Amino acid sequence: MTISLLYALVGVVLLGIGLYSLIIYSHLVKKILALNVAGSGVFLFLVATANQTSGPVPDPVPHAMVLTGIVVAVSATALALALACRIHQVTGTARLTENEPE
Amino acid sequence: MTLPAWIVSLPLLAAVFTFVFPRIRIWAGIFTAIITPLMVVFLGREILAHGAIQMQVGGWQTPLGIQLYADGLSVAMLGITAIVIGCITFYARCYFTGDVSSRYFWPLWMFLWSALNALFLSGDIFNLYVTLELLGLSAVALVALSQTADALSAAMRYLLVSLTGSLSYLMGVALLYAANGTLSIKLLATTGAASPSIATAFALMAAGLIMKSALFPMHFWLPPAHANAPAPVSAVLSALVVKASFYILMRLWLVIFEPFINPSTAQLMGVLGAGAIIWGSVQALVAERLKLLVAYSTVAQIGYLFLIFPLSSITQSNHTAWQGGFYFVLSHACAKSAVFLAAGSVIYSFGHDRIKELHGIVRRMPVSMFAFALASVSLIGLPPSGGFIAKWLYLNAALTGGHWWWCVLIIIGSLLATAYVFRFFSRAFSYSPEVVEERPVPWIMEWTALGLALCALILGFIAPAVTTLLDAGNPF
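If you read the protein sequences in the order shown, they are chains A and B.
With the working numbering applied, the first sequence covers 1 to 102.
With the working numbering applied, the second sequence covers 1 to 476.
Honestly, the hints are just simulated from the structure, not real lab data.
Predicted, not measured: the structure shown is a model, and the values here were computed from it.
Think of the CB as a built atom: it goes at the ideal place given N, C-alpha and C, for glycine as much as any other residue.
Be a bit skeptical, because a hint or two may be false.
To be verified - From the structure, some residues in chain A lie toward chain B, with a derived Cβ separation under 10 Å:
1) Ile-24
2) Leu-28
3) Ala-38
4) Phe-45
5) Gly-55
6) Pro-56
7) Leu-79
8) Ala-80
9) Val-90
As the list claims (entries may be wrong) - Simulated restraints on C-beta separations:
10) Asn-262(B) <-> Asp-59(A): 23 to 33 Å
11) Ala-203(B) <-> Asp-59(A): 18 to 28 Å
12) Val-282(B) <-> Val-12(A): 53 to 63 Å
13) Tyr-431(B) <-> His-88(A): 40 to 50 Å
14) Leu-67(A) <-> Gly-59(B): 18 to 28 Å
Chain A with its partners taken away, still in its complex shape:
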């Protein structure tokens, strides 16, 4: 087993853990953390694909993608946290209530 294959597998496992936690936890901060773990899994997988080129220089494209992805993830997390705070202020709970449209 090569080292990049190990990274790729760990990435997939992290993605799985993240998605699982996203579904089973109802607290909003846990859900946001779960999405971040899942995102890190995808980024780790992308980094592992950079090792495909022959020779010592890795492929720069996946790195560029991961950097962009991190920027996107940071802004998405910021928005999610701001929304979670607002929900806590307005409803007094940091969980999504079952507001079935009446």
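Could you slot chain B onto chain A? The hints should help.
Same frame as chain A, now just chain B:
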């Protein structure tokens, strides 16, 4: 040819300007709403004359540079975006007058437009991911604008679904890149053979995009988000934002995945679409609020879009089905935004949208109700309207291949649509002697809704011109 870059950057610049200088926000927004459609017209003329164009932003070559790509399909989507957002911008100017949320509405609105334009012009699958996220983030913030508990929960649910969908899509991108070593849609079309990694990539990308387009049974987030957002936002979410992820799925299917896909996958998409049509229409029939009715109608109409996959897998009618699907996208965008704007005017005037209490509103706001009725003609699919042409192309495609059961579904869907629209109209046209407190609706709000409804109708008359535009640059 730098026009595609300007189409993306003008709304982006306007977004930054309206945020930094809130005093000029309305004028900056209206300026953009006039100039961007003109640029799209010029781009369309260029493509009709010379075929598809490519542009390397800043002169950097792929894979590191950003490639913009425009063909007839992209221009049609850019055009409908320009029409819908352009009209709603004028509506929003009146809708938000004197409202504190106006300050945040304008920058987010321009970001949303920029993200949509960038999405329709992207030539590689990773840029599509970035634009998809930009679109999702600005849409979520717009839903949360009214800051009520319902709107905030709806926005949060929408954000979680949207982020999960994007992550799934990004994992698909990573797999495709690992298998083929390129991100460009054009190059991916020519490389690669069927392999487990392509199949997994397709499954991940399709799952993510289906969540974002709210196809049944992943539609649970859509009705609360679209019903609780301010009216201009609901209109653009239903008209354009859900179509954006559908557009990506169609592009990928057409260019990259079509040769590898097993026919039963296409049938499965069709079955989900059928579920959406039936379930969405039935929920619209029992909805008690007008905006919720319209939101469930969107769930049903998205079902029609996904019928494109089984219909296009019939070899003889492949091209008809693709055109039908895109005609659906275009006519639904005009019709649904008109309906949402009319419903928004009702809320603006009466302060609520409980259908039971809307007796006799036809006499109070005749223009808005006329817009609602005209747009409903297209939603139901009666001639002469864009919705009719779309359903006609679908029926043709289904009958050529002998798949008559899709025709039965389309007819049932149209009957259900008639039923839910008339349930509202029977209230709106009834006579009521009581006088209700109301706030006068500015004429611009009523007439922009009518303008969009007329666009949906006009699409029924200019079918040859639109199909020529769709075919420019051979996207299908």
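Take the C-beta atom of Leu-67(A) and the C-beta atom of Gly-59(B), compute their distance, and say whether it sits inside 18 to 28 Å. Holds, at about 21 Å.
Residue hint Ala-38(A), partner chain B, criterion CB-CB below 10 Å: holds (6 Å)
Is the interface hint for Gly-55(A) satisfied, with its Cβ closer than 10 Å to some Cβ of chain B? Hint violated; Gly-55(A) Cβ to chain B Cβ min 15 Å, cut 10 Å.
Status of the given 53 to 63 Å range, CB of Val-12(A) versus CB of Val-282(B): violated (39 Å)
Regarding Tyr-431(B) and His-88(A), is the given constraint of 40 to 50 Å on their beta-carbon distance met? The hinted range 40 to 50 Å holds for Tyr-431(B) and His-88(A), with Cβ atoms some 48 Å apart.
Tell me if the interface restraint on Pro-56(A) is satisfied: Cβ within less than 10 Å of some Cβ in chain B. violated (18 Å)
Hey, does the Ile-24(A) contact hint survive, CB to chain B under 10 Å? violated (13 Å)
How about Phe-45(A): closest beta carbon in chain B under 10 Å, or not? holds (5 Å)
Satisfaction of the Leu-79(A) interface hint, Cβ to chain B closer than 10 Å: Leu-79(A) check passes; min Cβ-Cβ to chain B is 6 Å, inside 10 Å.
Ala-203(B) versus Asp-59(A) beta-carbon gap, inside 18 to 28 Å or not: Taking Cβ atoms as reference, Ala-203(B) and Asp-59(A) lie about 25 Å apart, which means the hint holds.
Against chain B, with CB atoms and a cut of 10 Å, does the hint on Val-90(A) hold up? holds (5 Å)
For the hint 23 to 33 Å, verify it against the beta carbon of Asn-262(B) and that of Asp-59(A). holds (31 Å)
Checked against the numbered hints above, the structure violates hints 1, 5, 6, 12; every other hint is satisfied.
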